[in-house]
Amino acid sequence: MMLEARGLDVLLGDYQVLWGARLSVAAGEIVALLGPNGSGKSTLMNTISGLLRPQAGQILFQGRPIAGLPAHRIVGEGLSHVLERRRLFPFLSVRQNVLLGAYSPAARATRDDQLDWVSDLFPVIRQRADQLAHTLSGGEQQMVAIARGLMARPRLLMVDEPFLGLAPRVVDQLTEVIRAINRGGVTVLLIEQNVERALALAHRGYVLESGRTVLEGRSEDLLRSAEVRRVFLGG
Amino acid sequence: MEIVNFAHGEFLMLAMYVAFFAWLLARLDPVVSFPLAALVLAGLGWATYHGIIRWVLGGPMLAQIFATFGLAVFLRSAAQFLWGVDFRVVSAPLLGGRASLGGVFVGLPQLTASVAALGAFVALHLFLARSETGLALQATAQDRQAAALMGIDTERMFALGWAIGAGCVGVAGALLTMFFYVFPDVGAAFALLAYVTVALGGFGNVPATLLAGVIVGLVEALAGLLIAPALKYAVVFLLYLGVVLWRPQGLFGRF
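Chains A and B supply the protein sequences, listed in that same order.
Under my numbering, residues 464 to 698 are what the first sequence spells out, in order.
Under my numbering, residues 142 to 396 are what the second sequence spells out, in order.
Bear in mind the hints are in silico, worked out from the structure with no lab data behind them.
Built from N, CA and C at the ideal position, the CB exists for glycine as well.
Honestly, I wouldn't trust all of these hints.
A few chain B residues facing chain A, derived, Cβ under 10 Å [as the list claims (entries may be wrong)]:
{"id": "1", "residue": "S241"}
{"id": "2", "residue": "V245"}
{"id": "3", "residue": "G248"}
{"id": "4", "residue": "Q251"}
{"id": "5", "residue": "E273"}
{"id": "6", "residue": "Q279"}
{"id": "7", "residue": "Q286"}
{"id": "8", "residue": "A288"}
{"id": "9", "residue": "M291"}
{"id": "10", "residue": "E296"}
{"id": "11", "residue": "D326"}
{"id": "12", "residue": "G345"}
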């Protein structure tokens with residue numbers, strides 16, 4: 464397993480968000496993390512990338528325990544996290560944003576090669592190189608955010624709601640790019656609200672409900688599952 | 142970086158004492174000792190971050206304000222206790238007298254201080270805009286979580302930010318002793334002007350602060366000349382009030 468998380472309890476302030484959540488991702492997969500609003504999807508991702516510390520539980524990345532490590536150390540292990548709502552550095556240029564993606568020592572050595580690769584994936588990086596990030600459209604910002612995440616040369620790329628607020632045409636375009644990134648050898652874990660769209664892209668899925676992992680399975684099975692319908696439609 | 146240092150004036154006061162004692166004990170003129178003051182203050186800034194700021198950053202707003210406010214009161218009282226309330230001066234500084242700039246006479250110490258301030262500004266701007274560490278510092282100020290996910294040690298960047306801020310006030314304080322007396326309360330007036338200047342330009346924007354500094358200086362001088370010297374600060378604060386009512390984020394503010 465590339466990533467294996469189990470028994471995760473996470474508190475935000477006094478409020479327990481995750482109750483023994485678990486998840487595993489094998490090398491080469493695209494895995495979707497599903498669940499209603501407030502079910503703990505982002506909290507789980509933030510815990511994996513080190514922004515939050517779990518109260519209990521284990522996280523193994525490529526066999527190494529990473530739970531409790533600070534976020535800036537985990538990136539260097541080959542795990543990139545693209546936050547919800549892109550979160551570019553608004554007053555830095557597109558180019559500066561992308562270059563900061565390769566800040567960790569492991570990625571800095573091959574920074575120029577990585578820059579060429581992501582600029583081919585996302586032409587917007589060359590077209591808007593010197594523009595301040597906050598002046599880009601939502602779709603362009605998402606592309607820069609993913610490019611910035613790829614600059615760290617991740618083995619696993621985690622993307623939180625990449626399609627949020629984007630036009631259908633841009634969503635199709637991004638879906639294709641994520642497939643291409645995956646074919647290029649990067650494992651992908653993504654959060655997405657739209658169950659059908661997520662499972663059309665992913666090989667497997669996990670469903671969170673109130674902070675617990677309640678379902679997992681192959682995409683085609685989950686799409687037909689009555690349990691998935693119950694969780695999302697409250698049937 | 143998410144917090145305002147209300148002890149900035151007291152940092153200035155400490156820098157002035159560093160320069161004063163360097164002159165008194167080692168006969169080092171402020172023009173020579175200002176790098177020492179910058180270093181001492183940078184160390185103090187770094188220590189303040191690790192000792193106080195990092196513990197209150199996640200806390201309530203009031204705790205953040207009173208932490209540095211309390212530090213200010215402590216430093217001022219400590220200075221009174223250790224060095225007394227007397228006004229001290231660096232007499233006969235190396236650079237005394239006046240220089241003529243195209244017919245306008247300017248005090249040489251003041252001229253030196255403004256050249257040094259410009260130099261510090263240019264250095265800070267180049268560091269922030271051009272160096273890897275400067276970019277990482279900007280990234281941390283703009284989005285701490287996203288910065289951490291880039292592999293940036295944001296704790297170190299915060300500490301560095303405090304060290305740089307205090308180091309700059311170290312330069313300012315040391316050079317100020319060439320034409321201003323040193324006493325425990327000296328920071329208050331300067332700090333208030335500094336906050337007005339930074340808020341006028343907009344927090345988080347270094348070039349805007351320079352511009353705002355020039356505006357404040359000109360308004361102060363012109364009001365003193367055209368209206369009445371006693372009213373010059375009133376005019377500055379009136380301008381500040383007008384600007385923040387019209388643009389609460391400052392003229393070029395981002396946050």
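Now for the hints, and whether the structure bears them out:
{"no.": "1", "hint": "S241", "result": "violated, 42 Å"}
{"no.": "2", "hint": "V245", "result": "violated, 38 Å"}
{"no.": "3", "hint": "G248", "result": "violated, 38 Å"}
{"no.": "4", "hint": "Q251", "result": "violated, 34 Å"}
{"no.": "5", "hint": "E273", "result": "holds, 8 Å"}
{"no.": "6", "hint": "Q279", "result": "holds, 6 Å"}
{"no.": "7", "hint": "Q286", "result": "holds, 6 Å"}
{"no.": "8", "hint": "A288", "result": "holds, 8 Å"}
{"no.": "9", "hint": "M291", "result": "holds, 5 Å"}
{"no.": "10", "hint": "E296", "result": "holds, 8 Å"}
{"no.": "11", "hint": "D326", "result": "violated, 37 Å"}
{"no.": "12", "hint": "G345", "result": "holds, 8 Å"}
Against the hints set out earlier in the document, violations occur for numbers 1, 2, 3, 4, 11.
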